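Student: Chain A is already provided as a structure; the job is to place chain B on it using the hints.
Protein chains: 2
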Amino acid sequence: MNLLLLEPADFVAERRVLLRDRRLTHLQDVHRAEPGATLRVGLLGGAIGQGRLLRLTTAEAELEVEFDQPPPAKLPLTLLLALPRPKMLKRVLQTVASMGVPRLVLLNSYRVEKSFWQTPFLEPAAIREQLILGLEQARDTVLPDVIIEKRFKPFVEDRLPQLAAGTLGLVGHPGDYPTCPRAVEGPVTLAIGPEGGWIPYEVDKLAEAGLQPVQLGERILRVETAVSALLARLF
Amino acid sequence: MNLLLLEPADFVAERRVLLRDRRLTHLQDVHRAEPGATLRVGLLGGAIGQGRLLRLTTAEAELEVEFDQPPPAKLPLTLLLALPRPKMLKRVLQTVASMGVPRLVLLNSYRVEKSFWQTPFLEPAAIREQLILGLEQARDTVLPDVIIEKRFKPFVEDRLPQLAAGTLGLVGHPGDYPTCPRAVEGPVTLAIGPEGGWIPYEVDKLAEAGLQPVQLGERILRVETAVSALLARLF
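If you read the protein sequences in the order shown, they are chains A and B. Just so we're aligned, residue 95 is where the first sequence starts under the working numbering, counting upward by one. Just so we're aligned, residue 95 is where the second sequence starts under the working numbering, counting upward by one.
This is chain A alone, in the form it adopts within the complex (with noise of 0.2 Å):
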């Protein structure tokens, strides 16, 4: 947690916040803080800015705070990934919102068990949960938009080729493919395959929506470790 995230239910006044709950016990347990110490502070959605300790309680945190700048620019991206395994989903989404994207569409694919449409990890408090972790990594304060299509046909054929309009539009995939480009000026949409890839149909399916497919090389990389290391090669 690099930065404090506070919502508008923790202000007792303009700039008075109280924490209760695991951040109360981040305080205590990680920062180890005490009264005066100084913390990089967030408001869901808007500004950053430091934050003051007050009074720290084992039951309660009460801080001054303001806000004074933006928060960290998101990456002009939409990224389209084959929904993973439940664990796997967990971190992707702390991944995604650390690194700043914007707009994540979990996708149906051949090859993405049926039982992972079903995980707990799939509703929106839980989402939400893992995209604030990521949030408060990066000291990112707004949540990026998660859309989740159970469909990949009608997704891809009626929605996706709006959304990738006016963009570059790529898939990842491993194969004789050219390389992904370096440093890319304008907005991405990017697709990335479940474990074992997407079949051959996906790919054609999403290349007709205007995504081509681009390689990183010869090895397989798991879902998470090719979200970074993608984004960290596109921008």
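In short, the hints are calculated from the structure, not lab data. Check each hint, because a few of them may be wrong.
Each pair may be met inside one copy or between any two copies, as identical chains are not told apart.
As the list claims (entries may be wrong) - No more than 20 Å apart at the CA atoms, straight line, and that leaves these computed lysine to aspartate or glutamate pairs for DMTMM-like: (1) 181 to 289; (2) 247 to 279; (3) 181 to 207; (4) 184 to 217; (5) 181 to 123; (6) 168 to 312; (7) 208 to 123; (8) 168 to 104; (9) 208 to 289; (10) 247 to 207; (11) 299 to 252; (12) 168 to 239; (13) 247 to 154.
From a predicted model like this one, the values you see are computed outputs, not experimental measurements.
Tutor: Same frame as chain A, but now just chain B:
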């Protein structure tokens, strides 16, 4: 497991192997392989090739194997990593192996909690287990060297200058530093700090040994994400 990694003890004849451990379970549960199936195989430390499944019972799997290709090239890199917390260490070891890092130094730093050095995940067999998972993921066969340096100062003063000689020496460090270079030619020595970062003294000592600070933007990334992002950008 995108590659079945074989060791000399698995061989019952020149081109025949017999598997009884977690690789057997994986063939049954994940691959759901049937006799006649062809699987990608590799010889630990050696070539990669194909295996044909001859026989699969609940007790053992028998394959006929041949090796016809070299494993993927390693990165020209020595990676220094402040020892991460145990859970992160496991994943970082996989990431390091899967991305093709040939040499990893796990290093102490002021902000490494002393308890991290007590973890059983630092035992050679535990390190090897995670590295093997990373190799299987990326279809590599060659174990990275992992060097454990519990004392920062003697390592950085006495051994790092020789290790880094003739390489581009870099320290990943947030702050007002040049951006991490892209697509470099030639060998690199890269140091990545602990959660909370290197302290100024450590940055100075690393600079004396030939490693200059570079940054990846204002977002603070988890160690695992920083490793894959920095490597994808450098190579």
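Student: Hints broken by the structure, by number, lowest first?
Tutor: Failing hints, ascending: 2, 8 and 13.
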